[in-house]
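Everything in the sequence shown is counted per our numbering, starting at 1 for the first residue and increasing by one.
The reader is advised that the hints may include incorrect statements.
Label-pair ranges, simulated between beta-carbon atoms [to be verified]:
id	residue 1	residue 2	range
1	Phe-7	Arg-107	23 to 31 angstroms
2	Arg-59	Thr-26	22 to 30 angstroms
3	Asp-24	Ser-48	15 to 23 angstroms
4	Thr-47	Lys-9	27 to 35 angstroms
5	Lys-9	Ala-127	18 to 26 angstroms
6	Asp-32	Glu-56	21 to 29 angstroms
7	Pro-79	Thr-26	18 to 26 angstroms
8	Phe-7	Glu-29	16 to 24 angstroms
9	Gly-77	Gln-19	32 to 40 angstroms
10	Arg-83	Thr-26	30 to 38 angstroms
11	Asn-8	Ala-105	29 to 37 angstroms
12	Leu-116	Arg-59	17 to 25 angstroms
13	Arg-107	Ala-46	32 to 40 angstroms
In the BS3-like style, the derived pairs of lysine-lysine whose C-alpha atoms are separated by at most 27 angstroms in a straight line are [claimed, not checked]:
id	residue 1	residue 2
14	Lys-2	Lys-130
15	Lys-16	Lys-121
16	Lys-16	Lys-130
17	Lys-121	Lys-39
18	Lys-39	Lys-16
19	Lys-2	Lys-39
20	Lys-16	Lys-2
21	Lys-121	Lys-2
22	Lys-9	Lys-121
23	Lys-9	Lys-39
None of these hints come from the bench; they were simulated from the model. In this text the structure is predicted, and so the values were computed from the model without any measurement. C-beta: ideal position from N, C-alpha, C; glycine also.
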Amino acid sequence: MKVEFAFNKERVVAVKLPQRPPADLTPEELRDLEASLVKLPLEFPATSEFRRGVWEAIRRIPFGQTLTYQQLAEQVGNPRAARAVGGACAANRLLLAVPCHRVVATRGLGGFALGLEWKRKLLALEAAAKSSTAATATAPGSQPLIKP
Numbered sequence: 001m002k003v004e005f006a007f008n009k010e011r012v013v014a015v016k017l018p019q020r021p022p023a024d025l026t027p028e029e030l031r032d033l034e035a036s037l038v039k040l041p042l043e044f045p046a047t048s049e050f051r052r053g054v055w056e057a058i059r060r061i062p063f064g065q066t067l068t069y070q071q072l073a074e075q076v077g078n079p080r081a082a083r084a085v086g087g088a089c090a091a092n093r094l095l096l097a098v099p100c101h102r103v104v105a106t107r108g109l110g111g112f113a114l115g116l117e118w119k120r121k122l123l124a125l126e127a128a129a130k131s132s133t134a135a136t137a138t139a140p141g142s143q144p145l146i147k148p
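Could you build all of it, start to finish, from the sequences and the hints given here?
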């Protein structure tokens with residue numbers, strides 16, 4: 001998958017993904033890509049303390065897990081700000097490095113900068129990677145914790 005980075009000196013200021021998710025993207029490739037993004041120095045744009053806190057909290061959501069906009073609002077100390085969390089996600093230019101696709105609505109997916117097709121694909125790939133990891137780590141003859 002072709003991923004483009006915009007830099008300001010030595011720091012990444014934006015991550016650009018293709019308009020449509022590649023059909024051949026594998027869970028392992030996504031995990032490797034995200035692991036490499038964690039190592040890059042990021043530069044958040046000038047923004048409010050609230051948005052920066054939301055983006056930092058999103059970076060702590062583990063691969064293969066999700067939080068709702070409401071849960072994230074509670075985590076950053078403003079339980080009435082679920083819509084503002086959505087606004088912070090929409091303003092995120094550091095896709096995958098700040099994995100806002102892991103933030104979902106209480107009922108449904110919510111939105112995503114590149115559209116719901118991308119969000120569904122990313123969440124499905126993460127679930128598949130997590131399932132294959134759980135299946136691989138399972139002792140012979142036992143059942144995986146997460147069935148593929």
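Take a look at whether the Cβ-Cβ distance between Arg-59 and Thr-26 falls inside 22 to 30 angstroms.
-> holds, 23 angstroms
Falls inside 30 to 38 angstroms, the C-beta gap from Arg-83 to Thr-26?
-> holds, 35 angstroms
For the pair supplied as a hint, Lys-16 and Lys-121, confirm whether the alpha-carbon distance does not exceed 27 angstroms.
-> holds, 16 angstroms
Using the C-beta atoms of Phe-7 and Glu-29, is the stated range 16 to 24 angstroms upheld?
-> holds, 23 angstroms
Could you tell me whether the CB distance from Asn-8 to Ala-105 stays inside 29 to 37 angstroms?
-> holds, 32 angstroms
Holds or violated: Lys-9 to Lys-121, with C-alpha atoms at most 27 angstroms apart | The hint is violated at about 32 angstroms.
Given the hint that Lys-16 pairs with Lys-2, does the C-alpha gap stay at or below 27 angstroms?
-> Judged against 27 angstroms, a Cα distance of about 9 angstroms means the pair holds.
Does Lys-39 pair with Lys-16 here, judged by a C-alpha cut-off of 27 angstroms?
-> Measuring from Cα to Cα gives roughly 17 angstroms; hence the hint holds.
Whether the CB-CB distance between Asp-24 and Ser-48 falls inside 15 to 23 angstroms = Given range 15 to 23 angstroms: violated, Cβ gap about 39 angstroms.
Note whether the CB distance of Thr-47 and Lys-9 lies within 27 to 35 angstroms or breaks it.
-> Because 19 angstroms falls outside the window, the suggested range is violated.
Asp-32 paired with Glu-56, Cβ distance criterion 21 to 29 angstroms = Once the Cβ atoms are compared, 23 angstroms apart, the range 21 to 29 angstroms for Glu-56 and Asp-32 holds.
Holds or violated: Lys-2 to Lys-39, with C-alpha atoms at most 27 angstroms apart | With Cα atoms ~18 angstroms apart, Lys-2 and Lys-39 stay inside 27 angstroms; holds.
When each numbered hint is compared with the structure, violations occur for hints 1, 3, 4, 5, 7 and 22.
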